[in-house]
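Student: In case you want the letters, here they are:
Number of protein chains: 2
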Amino acid sequence: MEQLDKLEAHFKRLSHFQHLAAICGWDQATMMPDGGNHARADAMAELALYCHQQMTQPELGDWFADVDEKSRHLSATQKASVAEMKRQWQQASVLPDTLVKAKSLAGAKCEHAWRQQRQDNDWDGFAKNLKEVVALAREEAHIRADQKLCAPYDALLDLYEPGMTAERIDEVFGALKQWLPETIQAVVDKQAQQPVITPKGPFPQAQQKALGEHVMKQLGFSFEYGRLDISTHPFCGGVPTDVRITTRYDEQDFTSALMGVIHETGHARYEQGLPQDLAGLPVGQARSMGVHESQSLFFEMQLARSAPFATLICQQAKQAFNRQDDPAFQVENLHRVLTEVSPGYIRVDADEVTYPAHIMLRYDIERDLISGKMEVDHIPERWDTAMQQYLGLSTAGNYKNGCMQDIHWTDGSFGYFPTYTLGALYAAQLMQAMRQQLDVDGIIASGNLSPIFDWLSQHIWQRASTTSTDNLLKDATGETLNPAHFREYIQGRYL
Amino acid sequence: MEQLDKLEAHFKRLSHFQHLAAICGWDQATMMPDGGNHARADAMAELALYCHQQMTQPELGDWFADVDEKSRHLSATQKASVAEMKRQWQQASVLPDTLVKAKSLAGAKCEHAWRQQRQDNDWDGFAKNLKEVVALAREEAHIRADQKLCAPYDALLDLYEPGMTAERIDEVFGALKQWLPETIQAVVDKQAQQPVITPKGPFPQAQQKALGEHVMKQLGFSFEYGRLDISTHPFCGGVPTDVRITTRYDEQDFTSALMGVIHETGHARYEQGLPQDLAGLPVGQARSMGVHESQSLFFEMQLARSAPFATLICQQAKQAFNRQDDPAFQVENLHRVLTEVSPGYIRVDADEVTYPAHIMLRYDIERDLISGKMEVDHIPERWDTAMQQYLGLSTAGNYKNGCMQDIHWTDGSFGYFPTYTLGALYAAQLMQAMRQQLDVDGIIASGNLSPIFDWLSQHIWQRASTTSTDNLLKDATGETLNPAHFREYIQGRYL
Numbered sequence: 006m007e008q009l010d011k012l013e014a015h016f017k018r019l020s021h022f023q024h025l026a027a028i029c030g031w032d033q034a035t036m037m038p039d040g041g042n043h044a045r046a047d048a049m050a051e052l053a054l055y056c057h058q059q060m061t062q063p064e065l066g067d068w069f070a071d072v073d074e075k076s077r078h079l080s081a082t083q084k085a086s087v088a089e090m091k092r093q094w095q096q097a098s099v100l101p102d103t104l105v106k107a108k109s110l111a112g113a114k115c116e117h118a119w120r121q122q123r124q125d126n127d128w129d130g131f132a133k134n135l136k137e138v139v140a141l142a143r144e145e146a147h148i149r150a151d152q153k154l155c156a157p158y159d160a161l162l163d164l165y166e167p168g169m170t171a172e173r174i175d176e177v178f179g180a181l182k183q184w185l186p187e188t189i190q191a192v193v194d195k196q197a198q199q200p201v202i203t204p205k206g207p208f209p210q211a212q213q214k215a216l217g218e219h220v221m222k223q224l225g226f227s228f229e230y231g232r233l234d235i236s237t238h239p240f241c242g243g244v245p246t247d248v249r250i251t252t253r254y255d256e257q258d259f260t261s262a263l264m265g266v267i268h269e270t271g272h273a274r275y276e277q278g279l280p281q282d283l284a285g286l287p288v289g290q291a292r293s294m295g296v297h298e299s300q301s302l303f304f305e306m307q308l309a310r311s312a313p314f315a316t317l318i319c320q321q322a323k324q325a326f327n328r329q330d331d332p333a334f335q336v337e338n339l340h341r342v343l344t345e346v347s348p349g350y351i352r353v354d355a356d357e358v359t360y361p362a363h364i365m366l367r368y369d370i371e372r373d374l375i376s377g378k379m380e381v382d383h384i385p386e387r388w389d390t391a392m393q394q395y396l397g398l399s400t401a402g403n404y405k406n407g408c409m410q411d412i413h414w415t416d417g418s419f420g421y422f423p424t425y426t427l428g429a430l431y432a433a434q435l436m437q438a439m440r441q442q443l444d445v446d447g448i449i450a451s452g453n454l455s456p457i458f459d460w461l462s463q464h465i466w467q468r469a470s471t472t473s474t475d476n477l478l479k480d481a482t483g484e485t486l487n488p489a490h491f492r493e494y495i496q497g498r499y500l
Numbered sequence: 006m007e008q009l010d011k012l013e014a015h016f017k018r019l020s021h022f023q024h025l026a027a028i029c030g031w032d033q034a035t036m037m038p039d040g041g042n043h044a045r046a047d048a049m050a051e052l053a054l055y056c057h058q059q060m061t062q063p064e065l066g067d068w069f070a071d072v073d074e075k076s077r078h079l080s081a082t083q084k085a086s087v088a089e090m091k092r093q094w095q096q097a098s099v100l101p102d103t104l105v106k107a108k109s110l111a112g113a114k115c116e117h118a119w120r121q122q123r124q125d126n127d128w129d130g131f132a133k134n135l136k137e138v139v140a141l142a143r144e145e146a147h148i149r150a151d152q153k154l155c156a157p158y159d160a161l162l163d164l165y166e167p168g169m170t171a172e173r174i175d176e177v178f179g180a181l182k183q184w185l186p187e188t189i190q191a192v193v194d195k196q197a198q199q200p201v202i203t204p205k206g207p208f209p210q211a212q213q214k215a216l217g218e219h220v221m222k223q224l225g226f227s228f229e230y231g232r233l234d235i236s237t238h239p240f241c242g243g244v245p246t247d248v249r250i251t252t253r254y255d256e257q258d259f260t261s262a263l264m265g266v267i268h269e270t271g272h273a274r275y276e277q278g279l280p281q282d283l284a285g286l287p288v289g290q291a292r293s294m295g296v297h298e299s300q301s302l303f304f305e306m307q308l309a310r311s312a313p314f315a316t317l318i319c320q321q322a323k324q325a326f327n328r329q330d331d332p333a334f335q336v337e338n339l340h341r342v343l344t345e346v347s348p349g350y351i352r353v354d355a356d357e358v359t360y361p362a363h364i365m366l367r368y369d370i371e372r373d374l375i376s377g378k379m380e381v382d383h384i385p386e387r388w389d390t391a392m393q394q395y396l397g398l399s400t401a402g403n404y405k406n407g408c409m410q411d412i413h414w415t416d417g418s419f420g421y422f423p424t425y426t427l428g429a430l431y432a433a434q435l436m437q438a439m440r441q442q443l444d445v446d447g448i449i450a451s452g453n454l455s456p457i458f459d460w461l462s463q464h465i466w467q468r469a470s471t472t473s474t475d476n477l478l479k480d481a482t483g484e485t486l487n488p489a490h491f492r493e494y495i496q497g498r499y500l
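Protein sequences, first through last, are from chains A and B. If you count the first sequence from 1, you need to add 5 to reach the working numbering. If you count the second sequence from 1, you need to add 5 to reach the working numbering.
Among the clues, some could well be false.
Identical copies go unnamed one by one, so any copy, or any two together, can satisfy a pair.
Unchecked claim - Distance condition first, Cα-Cα at most 16 Å in a straight line; then the derived EDC-like pairs of lysine to aspartate or glutamate:
| # | residue 1 | residue 2 |
| --- | --- | --- |
| 1 | K106 | D194 |
| 2 | K108 | D354 |
| 3 | K17 | E51 |
| 4 | K17 | D47 |
| 5 | K479 | D125 |
| 6 | K323 | D234 |
| 7 | K106 | D10 |
| 8 | K108 | D175 |
| 9 | K323 | E144 |
| 10 | K222 | D127 |
| 11 | K11 | E144 |
| 12 | K222 | D444 |
For the record, the hints were derived by calculation from the structure and aren't laboratory data. Here the structure is a predicted model, which means the values were calculated and not measured.
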């Protein structure tokens, strides 16, 4: 079909420019000297503008209309391809340029000031900028909601986790809230009875890197199609044929970089495992932020913190750091180190048991901010209440380790936070289904994990965006999202 | 003036895309894993096509016409700005798309096959492809010549060294030919009387890198605005606020990487020293390939192989490799190592005395190939004759170390070779003029070389493309290109 060909050629062409943006973005975070930033930012902004123009070209509307008319002749994959192109096109073109610009300015201003304000614990200064950002996010949510005929917050969710709704999250997180705080307390009490020997540094960076690369290979990361580097904030970037993951090294604690590398390797394998025949098309991209996070958490939590994997890591870490006789490196102790649970203020430092608490409190706040049920001024109080309720910690007056700790809201990325915990729930559900078909622990213990990756490849990676998250889960596990698996998993591993 | 503003905005916008191409090109040569090449090549080709389209947009012609009409109102810098934009625009738009495509295909085919053919010493196979490339280069030269109203080969020269002509090069190289072969012989004879102790490896890569970075700092390279990395073929890339130079390390010979780094640092300082107020405009770019090479050779030859610099390097190399008592690292010996002259087959391995011989023979051949005075089949014979005449070496039957050694002709870059030797001549002339104003040896000996760089900045770097190469030389040295300074320099240093 001629118009479908035109659409796909257009998006493939666009993907070449997105490729360049991905590599230059990676470079900016890993390689670029400080002085290069100003000109680079200008170049990246020019490219972003060009990509936006390409994404919103007027003729696309006609092509979509034409394809829609003849959609009965399309195969299932073609239909999915059209739907994904259309989703990106609508998302890009629905906002008026004035709003896009205002958002970008307010976000940049808020984020820039936040870097200092956080250090200064300056809530009043931050709140002033955040109010602007929230006002614009509300405007954005309403415009997107009108287009999608849904609730405003759901329209923002759709940017990160298509098909997800606040109603569904309320239900799922509601179930979590029933048992999580109590479970956290029970795990903490149980672990207080178990002595843990913390491995003592220094762990030289070169040895940590070698260990990380060794584990990446064991996890099937292809260095023919990717690299590992260093950045302040770890991420997975690049393109499917050239995936760039990063970490940062703490010479006193090798587990932090190692688990980070394993996490990013999960993201990376999803990207490296996307179907080549759909390369360059939206339908060939990863399904969603939540599904992406499910893969990184599958690697980091489901696999790497399991007892049999701790045995593998233990051997490798002993060799890497020459600690054959160090009691901290005995397998049982190391597994305890990797599964230590400790309620804390900071989300990015949280273990997998307390992590959902951080997310739920953010979700409750941002949902009500967008709906207009609450205002920026009430964030600190609500934060403090939820932290006390979930984790027994107060953040009263402690803004920098409370509601000012994350970058996400500064530029208006509302709807993003829930995907972290959705990913954790998906991962637990996938592992539960996998265990019914595979002897997962035996496979891990064997050191050859391919059957696990083949399963993920078949059920997740190779399907890209050819179907919805609900369908992916249903086809892979026999049901749509069911948070009971996460409870079973957490309580099984930790209690 | 409205149309001038439009033109400058257009070229500045284009420079943002060229920025991304430079960084992704650097990445391709230094960081990219092999598997990433296919998608990267597609992305880079898409970007090149887009840049070409932007460079040849039809409305540019109208804007230039309008600006030309009102040119009497322009300042000198504005006039230069218009001239440089126009030069790039004309160069990009004069060739018909069919020729551009045919050139690109024939060049890619010839270069790709050459990589294997060179190893196989397969002249016949190579000649077949090269004939296609030469035929298209002749076509290109004629079209460009018609536009510029000049001789075909001069039109190609203009791509690399604007304003230069074959007539002038014939004259300059003619003078060189008078004395160079004899001088080479005399230097070789003289050096045969001087014992040289070759420093013995291993010289670990990390120590070589540290030494290179130390010397780069001494030469004023700003790591705030640039980096040093590794690639198979050393180059200077990136953008003026983020200059990326590369080298390769031979653990048996530290001088090769060190001199390479110093060479690229010369290129880098030119880029880092370009005027910021003209950034993004053609007039703000380096003047030409020849002037660029003059800076790298000024650093590598004029500075770094001088006796006082050898003293500096000697101290630093002793420390870097812990060779305080190694006789090879005594200053007189090290200076001899750095100034060894030895006729050889390979251009890229040549010293500064024999290097022009390699260039002159290539120039003679390519000039006659383009004018139609000779054909591809006669290249090997003519190569052999010239090698015997200039360097006393025969390349009969030895194609791979003869006329098949370079990549330049494979994709049709005729007109490029002469700029290497023009650069060497410019460098000698600049140094001669500098010595009349500065105590260059004393400055080098002091270790603080800033006065030298200030002089280059004032006379070369800061002037960018605001005037012609002739004028640059005249303003800096009191005369246009005068090859006598190179003779004086070579004979003074080596005889």
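Student: Against this structure, judge whether each hint is valid.
Tutor: Verification of the supplied hints:
no.	hint	result
1	K106 x D194	neither (51 Å within a copy, 72 Å between copies)
2	K108 x D354	neither (29 Å within a copy, 56 Å between copies)
3	K17 x E51	between (19 Å within a copy, 10 Å between copies)
4	K17 x D47	between (24 Å within a copy, 10 Å between copies)
5	K479 x D125	neither (48 Å within a copy, 58 Å between copies)
6	K323 x D234	neither (23 Å within a copy, 32 Å between copies)
7	K106 x D10	neither (32 Å within a copy, 24 Å between copies)
8	K108 x D175	neither (28 Å within a copy, 62 Å between copies)
9	K323 x E144	neither (55 Å within a copy, 67 Å between copies)
10	K222 x D127	neither (45 Å within a copy, 40 Å between copies)
11	K11 x E144	neither (33 Å within a copy, 35 Å between copies)
12	K222 x D444	neither (21 Å within a copy, 58 Å between copies)
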